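Colleague: When you get a sec, could you build the whole thing from the sequences and use the hints?
From first to last, the protein sequence lines are chains A and B.
Counting in the working numbering, the first sequence runs from 1 upward without gaps.
Counting in the working numbering, the second sequence runs from 1 upward without gaps.
These are calculated hints, taken from the structure and not from any lab test.
Only a predicted model underlies this, so the values are computations on that prediction, with no experimental measurement involved.
It is possible that some hints are incorrect.
Copies of the same chain look alike in the list, so a pair counts if it works inside one copy or between any two.
[Unchecked claim] List time: in silico SDA-like cross-link candidates among lysine to any residue, alpha-carbon distance up to 25 Å:
no., residue 1, residue 2
1, K79, R117
2, K218, E68
3, K66, L231
4, K205, N179
5, K205, E223
6, K200, L75
Protein chains: 2
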Amino acid sequence: MLRSGALRLCPPGALRGPRGSASPPARESRPPPRSFASEAIRVDLSLPNPSWSKDMRLLFDQFMKKTEDGSWKRLPSYKYVSPQSTEVKTFFPDAKPVKGADMPQAQLFPRSLEEGRGFEYAMFHNHVENRTVCIFQGGPYLQGASGFLHGGAIATMMDSTLGACALRAGGVAMTANLNINFRRPIPLCSVVVINSQLDKVEGRKLFVSCNVQSVDGKTLHSEATSLFVKLNPKKV
Amino acid sequence: MLRSGALRLCPPGALRGPRGSASPPARESRPPPRSFASEAIRVDLSLPNPSWSKDMRLLFDQFMKKTEDGSWKRLPSYKYVSPQSTEVKTFFPDAKPVKGADMPQAQLFPRSLEEGRGFEYAMFHNHVENRTVCIFQGGPYLQGASGFLHGGAIATMMDSTLGACALRAGGVAMTANLNINFRRPIPLCSVVVINSQLDKVEGRKLFVSCNVQSVDGKTLHSEATSLFVKLNPKKV
Numbered sequence: 001m002l003r004s005g006a007l008r009l010c011p012p013g014a015l016r017g018p019r020g021s022a023s024p025p026a027r028e029s030r031p032p033p034r035s036f037a038s039e040a041i042r043v044d045l046s047l048p049n050p051s052w053s054k055d056m057r058l059l060f061d062q063f064m065k066k067t068e069d070g071s072w073k074r075l076p077s078y079k080y081v082s083p084q085s086t087e088v089k090t091f092f093p094d095a096k097p098v099k100g101a102d103m104p105q106a107q108l109f110p111r112s113l114e115e116g117r118g119f120e121y122a123m124f125h126n127h128v129e130n131r132t133v134c135i136f137q138g139g140p141y142l143q144g145a146s147g148f149l150h151g152g153a154i155a156t157m158m159d160s161t162l163g164a165c166a167l168r169a170g171g172v173a174m175t176a177n178l179n180i181n182f183r184r185p186i187p188l189c190s191v192v193v194i195n196s197q198l199d200k201v202e203g204r205k206l207f208v209s210c211n212v213q214s215v216d217g218k219t220l221h222s223e224a225t226s227l228f229v230k231l232n233p234k235k236v
Numbered sequence: 001m002l003r004s005g006a007l008r009l010c011p012p013g014a015l016r017g018p019r020g021s022a023s024p025p026a027r028e029s030r031p032p033p034r035s036f037a038s039e040a041i042r043v044d045l046s047l048p049n050p051s052w053s054k055d056m057r058l059l060f061d062q063f064m065k066k067t068e069d070g071s072w073k074r075l076p077s078y079k080y081v082s083p084q085s086t087e088v089k090t091f092f093p094d095a096k097p098v099k100g101a102d103m104p105q106a107q108l109f110p111r112s113l114e115e116g117r118g119f120e121y122a123m124f125h126n127h128v129e130n131r132t133v134c135i136f137q138g139g140p141y142l143q144g145a146s147g148f149l150h151g152g153a154i155a156t157m158m159d160s161t162l163g164a165c166a167l168r169a170g171g172v173a174m175t176a177n178l179n180i181n182f183r184r185p186i187p188l189c190s191v192v193v194i195n196s197q198l199d200k201v202e203g204r205k206l207f208v209s210c211n212v213q214s215v216d217g218k219t220l221h222s223e224a225t226s227l228f229v230k231l232n233p234k235k236v
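Modeller: Printed below as a string of structure tokens:
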């Protein structure tokens, strides 16, 4: 069932279509998450919700099919970041991060906007080919030039996808360089596919690249190369 | 007067301090904006509000002083993008943007999160030196690694600052390349200064660079070069 409130977020054509036949339970079939962080931390936001367009649902279903033989895995995604991840603080001891106890409201940036208004996405990883694919629908709150996604919103999803690929290939790592070529603007509320792959490993350096394509693969919207550095406090 | 609700967004130390002595009226002195877009489109969000920390207010006051002799100008910023800006659609006629009538909820990405939770910033431009400075406080909803800003949030503010610099130097332009080196992570709720400058103009190409520094100038967090291309539909 599509909620009428969500229908208004994107143009009518983008939101009609059959419900996806994805095997995992869709988000709309669950009761709305409670506002307690202890509850919300367990809500996987990489599942279909009423704001997803037909294109988004079809792509999701296609990738879910690929998970059946184990070659691809869907990556869950949560609004809250584990406060246990202290690698960055150890690697940069003078960086003085905000402590978790002082920041109960901290949320993962790409999950901080309301459902359907910001980043709607799901990622899938192939551990044999070291590839991560992100299907991404950018909502109306991600506007840059009138009617198009902001470059920073595209950079955010590229960085997230590249980071997911680097993480699975080499462990906890941070972006050291991100070099993006923006070729064609992305209309608001459209769906794109971000294809990333690990290109090379040199010691603690992970070289990962990606492109952003339209659903039909005919339009190349953006490309990026990146360098991630593995955090290994013991060697610092 | 600081509102208690806003005080909870960032660690206590970051939000205490005297009210800024800025000459323009602060946002908190106005009645809350109405929800009609026709009203909200006129609310300039580049003015102090209760979520701004002491550092943010002091920097704002310093730059406001520089505007007094006319060498620097404060750049206003709004949540809604003018639907009249059709340059992108003309430049990329096959891009099919969402039309304004279908997207009444569209909001400028860096202004789409609630006050104090996302991007709090103000920009100042020096038209003689072709420089744009952005003072930026990243809120708790911009988290990447635990306690630090997401790389995409940093990229967003860099792209916005570089774009503002390019716009004032050469007219409407779009990001073609953005190459970022992330050197030191930025703690959530801290304030940083983004310094951008126009380096070179070659025909329709504008080369703009920037860095992101701590308030005391001792820490270089990130650097970026960028290429913007002026949109001139008549020449296409």
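Colleague: Hint by hint, note whether the structure agrees.
Modeller: Hint-by-hint comparison with the structure:
1. Taking identical chains as interchangeable, the C-alpha atoms of K79 and R117 lie at most 25 Å apart whether they share a chain (15 Å) or sit on different chains (14 Å).
2. For the homomeric pair K218 and E68, neither the shortest alpha-carbon distance inside one copy (27 Å) nor that between copies (52 Å) is at most 25 Å.
3. For the homomeric pair K66 and L231, neither the shortest alpha-carbon distance inside one copy (31 Å) nor that between copies (42 Å) is at most 25 Å.
4. Taking CA atoms no more than 25 Å apart as the test, K205 paired with N179 passes in both settings, with 16 Å inside one copy and 18 Å between copies.
5. In this assembly of identical chains, the alpha carbons of K205 and E223 lie at most 25 Å apart whether taken from the same copy (20 Å) or from different copies (19 Å).
6. For a Cα distance limit of 25 Å, the shortest separation of K200 from L75 inside one copy, 22 Å, qualifies, whereas the shortest one across copies, 43 Å, does not.
In the structure shown, a violation is registered for the earlier hints numbered 2 and 3, in ascending order.
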